[in-house]
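Novice: Starting from the known structure of chain A, fit chain B onto it as the hints suggest.
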Amino acid sequence: MAKVEFRHVAKRFGEVEVIPDLNLTIEDGEFVALLGPSGCGKSTSLFILAGIYQPSGGELLFDGRVVNEVEARDRNVSIVFQSYALYPHMTVRDNVLFPLRFKRMPREEARTRVAAAANLVQVTELLDRRPNELSGGQQQRVALARALVKEPQLLLLDEPLSNLDATLRLTMRTEIKTLQKKLGVTTVLVTHDQIEATTMADRIICLRAGRIEQIGPPDDLYRRPQSLFIAGFIGSPPINMISGQAENGTVQVGPVTLPYEGVSGAITIGLRPEHLTFTGAGLSGRVAQLEPMGREILYVVDTDAGYLRVLEHGSVAAHAVGEPVRIGFSPDDALVFDAASQRLLAAARVGPPT
Amino acid sequence: MTTPLTFTGVNFGLATPLDWDGMAARARALRRTKAVALYAFLISVSLPIILPYFWLVTIAFSARTGVADTLVLWRSMAVLVPAVIAFWLAAILARDRRQLWLGLTAIALIAALAFALLVGPELHLRNFIFLVEPDFASVVRSRVGAVRGAIQFPSVWRAFGNSLLIAGSQTVIVLTVASLAAYYLSRFQFPGRAAMLRSLLVLHAFPVLTLIVPMFLMLYWIGLLDTLFGVILALVAFELPFAIFIMKGFFNAVPWDIEMSALTDGASRRQAFLRVVLPQVRNGLLAVAVFTFIRGWEEYIFVFTFLIRNTNWTMSLYMYYVRDDVMGVDYGVVSAVGVFYLVPSLILYLVAQRYLMQMSIGGVKG
Chain A
1 MAKVEFRHVA KRFGEVEVIP DLNLTIEDGE FVALLGPSGC GKSTSLFILA
51 GIYQPSGGEL LFDGRVVNEV EARDRNVSIV FQSYALYPHM TVRDNVLFPL
101 RFKRMPREEA RTRVAAAANL VQVTELLDRR PNELSGGQQQ RVALARALVK
151 EPQLLLLDEP LSNLDATLRL TMRTEIKTLQ KKLGVTTVLV THDQIEATTM
201 ADRIICLRAG RIEQIGPPDD LYRRPQSLFI AGFIGSPPIN MISGQAENGT
251 VQVGPVTLPY EGVSGAITIG LRPEHLTFTG AGLSGRVAQL EPMGREILYV
301 VDTDAGYLRV LEHGSVAAHA VGEPVRIGFS PDDALVFDAA SQRLLAAARV
351 GPPT
Chain B
1 MTTPLTFTGV NFGLATPLDW DGMAARARAL RRTKAVALYA FLISVSLPII
51 LPYFWLVTIA FSARTGVADT LVLWRSMAVL VPAVIAFWLA AILARDRRQL
101 WLGLTAIALI AALAFALLVG PELHLRNFIF LVEPDFASVV RSRVGAVRGA
151 IQFPSVWRAF GNSLLIAGSQ TVIVLTVASL AAYYLSRFQF PGRAAMLRSL
201 LVLHAFPVLT LIVPMFLMLY WIGLLDTLFG VILALVAFEL PFAIFIMKGF
251 FNAVPWDIEM SALTDGASRR QAFLRVVLPQ VRNGLLAVAV FTFIRGWEEY
301 IFVFTFLIRN TNWTMSLYMY YVRDDVMGVD YGVVSAVGVF YLVPSLILYL
351 VAQRYLMQMS IGGVKG
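Chains as they are written, first to last, in the working numbering: chain A, 1 to 354; chain B, 1 to 366.
Extracted from the complex, chain B is given alone in its bound form:
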């Protein structure tokens, strides 16, 4: 296998022949060690990030009124952490793809079994009482004897609907305005275009809280205080600049030729925009829609400041008051509300993931 290295008859002074096999083995070992170290680091860093989500779900399904018991959390962790480490080991030790899948499946099965045994008996759905019982606060309090002074909660479905309405209509308005504005910015020259692009970004630099007082006064005078529409307008104003900027990047990527082609094919400018240009930026629209919707869904500051009546509560306000009212008594219910609040945005992200990945392709250069 080994031959002395010579090049056009000149020996470079390598007295001993090169040990190719040995070098290959060393390189392999080094690669493997590096991978092991990297995974160890990534796992130790990501565990504290993942755990809160895991615990939130565990608590929502296991905590009982008036009982401050953390045993179940430790048990669930005792399943989760070894499982993650086992996955990591399996990934390192597996010699081929088949072994890897076998190993992962085995670990998943064992972990599921351990979870069912250790945590399973503790699981129940009673914390989700708020879904069916609007006056759940009194019910929860009565379990520990203190009934007085419970807040009058609206139905959670009402808050859910309000959140949906705010996030949904905000998304529709932002998409419509942003795509029109971004198209114009991308395609037309007009005086003040550069200044407008710059100011778009500056607008986005304002912390929302700084404008809370003037906006409160404005909404009060217009008469939109304590209305969902007022909150929607405020949200739209804050979301638009960035949405326009993102959309402009996507429009810039649509070649002029296609549009000109549509015009000579007999389309009007508007028809060309709707039928030819807009479908090209579909991914951008979807990405902006998802981000805008989730921004509206998680909105807290505006709704907290501008909405007063409890029939106008959104999910974030509902969650806030639940925490305020029953936290000391029942953190299981608080977690359950949290899980309920989390599910729609989680589903949206999962569905739209593919399109969100494309954001970087659209680019955001001015």
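The following block holds chain A by itself, in its conformation from the complex:
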């Protein structure tokens, strides 16, 4: 188990600067997610952690010791790849045994460890098969067993769930989380899938173009996103964004005027679909589309302030397409961002039209 620290870590590939300056501390036993769109530098960070890439600048520390130049094989770090990267020419047993082959370990102990790792992820009965005879979920488990068998001080997960079907994804994410808590291994999950990050990690590090956009527990990123980027990136169905002009205690959004408290200027209002409700007063509009999602129904409403997504609980639609409706929301739920800097204006408040 290890505490990991990035100190001014940079990575360049030729002319391209993928990570300009990364500063980050991951506590011992913590489960963090590196979240961001593709090309944001999350996989590069992962490979720097694994020792496959050397940082171009700065220092990477494990438990306070600089490991920049320590070889991948000496770091005692494991990766579970998106493709699982099982060795196709070996049986599952040999796959799981592979990391132990490079340690001077008595055969008996190696065998015990393989059995224990296989038992941990319930692949004991698959040990004599080949990877191509396994289903996606089974391959995933084997990859986990192989990663855990050498008792790594750091476990890296590279989009571990994205190749699984929806049901399996649900099971595996519970299992991985439980396993991580049970073993207490410091774990870094890399993903572009916000659900994967929010459901599994203790802390999310949101990256954008190689820089940290925000760090915090999942609910923090969801409820108080510090920037428009995070507000848009986290949450499904996505947040509604309304552009307006604020001055003298009001915001002008198209033809609508909303009560407002805060600095003047161009702002963007963020409203989560589930925070919008159908009420007697508020923004008026017509239901343009209905999307039943089982437990919830997503309404797309054509309002004076543009199209808004409204999420209502229940499985029976209360409003039909074309029906005139009014939409309200609580000023506590509305997020206000500065349109120019795209940062959250924490003190600003906006309410529905009265």
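Honestly, the hints are just simulated from the structure, not real lab data.
Note that CB positions come from ideal geometry on N, CA and C, so glycine has one too.
Just so you know, not all the hints are guaranteed correct.
To be verified - Away from chain B, derived, C-beta distances all over 12 Å, residues of chain A:
| hint | residue |
| --- | --- |
| 1 | R203 |
| 2 | S264 |
| 3 | H319 |
| 4 | S330 |
Claimed, not checked - Far from chain A, some chain B residues (derived; all Cβ distances over 10 Å):
| hint | residue |
| --- | --- |
| 5 | R32 |
| 6 | R97 |
| 7 | Y300 |
Unchecked claim - A partial selection of chain A residues facing chain B, derived with a Cβ cut-off under 8 Å:
| hint | residue |
| --- | --- |
| 8 | F98 |
| 9 | R208 |
| 10 | Q245 |
Specialist: Then chain B, alone, in the frame of chain A:
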């Protein structure tokens, strides 16, 4: 069965109802005719290709010293051609799989019987005398009375061994160098990589004969003229570019993830290459090995130019001198040597067929 075709109440002007059964019958007949024509074409084209091999074997086992008799060839053809046509007819006429197998078996049996009756009495093994008698040329000549001036042949096994040595060591060297070079080309960026890839192909474009004179001089000065090792080096140089190119295609197909996984699992770069990457390209290695081996086995130009002593003869040279010496007298022996020369590469192809098929999967894109 037939109904007027209407679509959402609109009649498309098809006054007469459609005759589905008739159309199906016509389509069936057309398919069958096409298949018949195709097979007829394929058979007529492939017969001239297959016949020389068939005749080579027939002559090797039937020709007699000093007798220029082609009757046996016509007889064997009289069995082969009707048999092929009968196979074709059986394939067309058979109504199901069982009938087909029955028909094919019957034809094969009849053909075998006819062959045994018509050609069987002519068959003998005397043409393979060279396997046991190094001075077979004198023996063969003495059968027709002209003993003078026969070439001193080494034992055929010596030539066989030389060929094996050349083809084998060439294969080992090419495999080792090509897999290392191809791996490096596939995985690493270095200055001049693109130029190197291009030049690999250009190298392969050179006709071997154009370089014969400079290579002769080079081997002479190095002192490797008339040595097997000199020929092996020359062959390796010519075979490497293409082998590297093929192997690079196979290495490109091995995902990076697997290698990175091996590295984090504690393997060194070399261990990852040997234990994880190399087993993934096994089919490529086998394919390159087979082609390289056969290339060395059939090598003629280099050995003809660079080897002089008859103890250094390879099978191709041996065959050449046999043809030179006894062709006029006994083409049976020449054919027998040919069959003997052919067998190893034939066996190799049959064994490795499965892997050669995979070549296209590995791909050769740059």
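Novice: Next step is simple, just say for each hint if it's right about the structure.
Specialist: Hint-by-hint comparison with the structure:
Residue placement check: A:R203 keeps its beta carbon more than 12 Å from all beta carbons of chain B (closest about 23 Å). Chain B leaves A:S264 outside its interface by the beta-carbon criterion, the shortest separation being 52 Å against a cut-off of 12 Å. No Cβ of chain B approaches the Cβ of A:H319 within 12 Å, the least distance being about 34 Å, so the stated non-interface status holds. Against the 12 Å criterion, A:S330 stays outside the reach of chain B, whose nearest CB is about 47 Å from its own CB.
Consistency note on B:R32: stated as away from chain A, and its beta-carbon is indeed over 10 Å from all of that chain's, at 41 Å minimum. With a closest Cβ-Cβ approach of about 31 Å to chain A, B:R97 is found to remain outside the 10 Å limit, as its non-interface label requires. For B:Y300, the non-interface assignment is confirmed: its Cβ lies about 38 Å from the closest Cβ of chain A, beyond the 10 Å cut-off. With its C-beta approaching chain B no nearer than about 5 Å, A:F98 sits inside the 8 Å limit, and its interface hint holds.
For A:R208, the interface hint is violated, since its Cβ never comes within 8 Å of a Cβ in chain B; the closest pair sits about 25 Å apart. Interface restraint check for A:Q245: the shortest CB-CB distance to chain B comes to about 50 Å, outside 8 Å, so the restraint is violated.
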